[in-house]
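**Q** The whole structure should be built from the sequences, with the hints applied where relevant.
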Amino acid sequence: MSAEVDVRAPLSLLPLRLEALAFVVGERRIIDDISIELGAGPRSVIVGPNGAGKSVLLRICHGLLKPTSGVVHWNAPEIPGAPRRQAMVFQRPMMLRRSAIANVTYALEVAGVPRGDRALRAREALERVGLARLADHPARVLSGGEQQRLALARAWALRPEVLFLDEPTASLDPGATHEIEAIVRAMHESGTKIVMVTHNLGQARRLGDEILFMHHGRIAERAAVGRFFRQPASPEAAKFIEGELPW
Amino acid sequence: MTGIAAAAHEAVGLVRGGDPELIRIVSLSLRVSLSAVAIAAAVGLPLGAAIAVSRFAGRKTVIVVLNALLGLPSVVVGLLVYLLLSRAGPLGAFGILFTPSAMVVAQTVLTLPLVAALSRQVIEDAWAEYREQLQSLGVQNARAALTLLWDLRYSLVTIVLAAFGRAVAEVGAVMIVGGNIDGVTRVMTTAIALETSKGDLPLALGLGFVLLAIVLAMNSAAQLLKESAQRRYG
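The listed protein sequences correspond, in order, to chains A and B.
Quick note on the numbering used here: the first sequence kicks off at 2 and runs consecutively.
Quick note on the numbering used here: the second sequence kicks off at 34 and runs consecutively.
Quick caveat, the hints were computed from the structure, so don't treat them as lab data.
Hints may contain errors.
What the hints assert, rightly or not - List time: in silico DMTMM-like cross-link candidates among lysine to aspartate or glutamate, alpha-carbon distance up to 25 Å:
no.	chain 1	residue 1	chain 2	residue 2
1	A	240	A	34
2	A	240	B	162
3	A	67	B	158
4	B	231	B	162
5	B	231	B	43
6	A	67	B	43
7	A	67	A	20
8	B	259	A	34
9	A	67	B	162
To be verified - Chain B is nowhere near these chain A residues, computed Cβ spacing over 10 Å in every case:
no.	residue
10	15
11	19
12	34
13	41
14	51
15	60
16	63
17	65
18	98
19	118
20	120
21	177
22	192
23	203
24	244
Stated by the list, open to error - Derived DEER-like restraints, expressed as beta-carbon distance ranges:
no.	chain 1	residue 1	chain 2	residue 2	range
25	B	158	A	69	27 to 35 Å
26	A	27	B	127	21 to 29 Å
27	A	51	B	102	31 to 39 Å
28	B	79	A	125	33 to 41 Å
29	A	25	B	245	53 to 61 Å
30	A	125	B	91	24 to 32 Å
31	B	186	A	52	36 to 44 Å
32	A	191	B	104	52 to 60 Å
33	A	176	B	179	48 to 56 Å
34	B	67	A	128	20 to 28 Å
35	A	25	B	258	29 to 37 Å
Glycine included, C-beta positions come from ideal geometry on N, C-alpha and C.
**A** Following this line, the structure appears as structure tokens:
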């Protein structure tokens, strides 16, 4: 961090503007006409019942899926092949068959970080997620919680402007979940925009600044976290919070 | 029965005594098949990886053809390579028919589809698991193929060893393009075929033992390598 020059392009990635976004598979409109803007700052948490289209929306934003129609507009458009300024953490972390630290340096290499800086930056990231002592362990034999922390370290080392998280704690126990949440909080504090999908309403309450409630492929409601849980504006959101909608 | 026992006894003697003819035949076999498999791996693995991670028109057809070539009869390969390399053939100018080089060419043609088809399958299965994460990191297809080749190296070694097993054990292709010339192109399988028909069972059996031992050793090595890698890397 210290002696390094900030080589980030001066133009911020954010805000991210989605215009009339749709994702259709056969007859199903998985994403149905979504137009929103996500700005720098608040942690945006996307909640909603199963099949609402949350994960698909996240993948479209991150560029892993192409929308059927509509526009994903970043303030500073990404250049194909150039280092990415956004990262994503998935529900099930994918680790390469190499050591924990090598998984991080691999990501740094792809991002064009000079060879000499990679090890230091990777070690720093591992320390921040509490995995420094496991740096040389094979990544795939780490526990589920450790692998997810490693996935966060890999993302953090890249110093992304935006971090997408797709139910990062869905398959973890409460202890591991707590650790993941602390790391996400710290990343947010270090200036990374957080966009997270979660099934866990407690987590949405703990980590979110604003809630985007999805239902049937649409954003049914968008509100500050306190207001959303106190007095949801839409009947679907009220039902969802009551636990009447499946999630 | 006693004839077989006597032949087996004599065969063991040949192997243990390091019979020069036996050694010459075995070493030519190894040289030819290892060279062929090295070329097949150098071309087939990247080819398999490239097909696995890329999308192009006619991809399905390529895969079907590649898989069909897995069952390619070695005599047919021998015949095709023979036609290519014979004096009147398109590659006749090289003049390598009935030399070990021709045998390397034939076994390369025989094992290349095997390496490419099986590695394509293994890599494509892994790609389903790796794709989103690698694309998220901004990994382009060429680098993804290399990453997968390295990450799956232990599974791929097994494929290469299987290809070697096929090469060293086949008789049809090397017989046709090599001609089984004593001291020049005689390998284990062609020698076994010849000695058996001549009735020289000890040499045939001795070579059979060696061939079996090589194939067995290769497969155990592959198995051990894969297991230890799985324990270490998960």
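**Q** Straight-line Cα separation of residue 259 (chain B) and residue 34 (chain A) no greater than 25 Å?
**A** 49 Å, violated
**Q** Checking the smallest CB distance to chain B, is residue 203 (chain A) really beyond 10 Å?
**A** 27 Å, holds
**Q** Checking the smallest CB distance to chain B, is residue 192 (chain A) really beyond 10 Å?
**A** 20 Å, holds
**Q** Taking the Cβ atom of residue 27 (chain A) and the Cβ atom of residue 127 (chain B), is their distance within the range 21 to 29 Å?
**A** 56 Å Cβ-Cβ, so the 21 to 29 Å window is violated.
**Q** At 10 Å, judged by beta carbons, does residue 120 (chain A) keep clear of chain B as stated?
**A** 18 Å, holds
**Q** So residue 65 (chain A) supposedly isn't at the interface. Is its beta-carbon more than 10 Å from every beta-carbon in chain B?
**A** Residue 65 (chain A) is in fact no farther than 10 Å from some Cβ atom of chain B, at 6 Å.
**Q** Range hint 48 to 56 Å: satisfied by the CB atoms of residue 176 (chain A) and residue 179 (chain B)?
**A** 38 Å, violated
**Q** Say whether it holds or is violated: residue 63 (chain A) keeps its Cβ farther than 10 Å from all Cβ of chain B.
**A** 6 Å, violated
**Q** Take a quick look at whether residue 231 (chain B) and residue 43 (chain B) sit within 25 Å of each other, Cα to Cα.
**A** Since the Cα atoms of residue 231 (chain B) and residue 43 (chain B) sit roughly 16 Å apart, the hinted pair holds (cutoff 25 Å).
**Q** Far enough from chain B: is every CB of that chain over 10 Å from the CB of residue 34 (chain A)?
**A** 25 Å, holds
**Q** At 10 Å, judged by beta carbons, does residue 15 (chain A) keep clear of chain B as stated?
**A** 18 Å, holds
**Q** For residue 240 (chain A) and residue 34 (chain A), compute the direct alpha-carbon distance and say whether it is at most 25 Å.
**A** Satisfied, since the Cα-Cα distance of roughly 23 Å is no more than 25 Å.
When the structure is compared with the earlier hints, violations turn up for hints 2, 4, 6, 8, 15, 16, 17, 18, 26, 27, 30, 33, 34, 35 and for no others.
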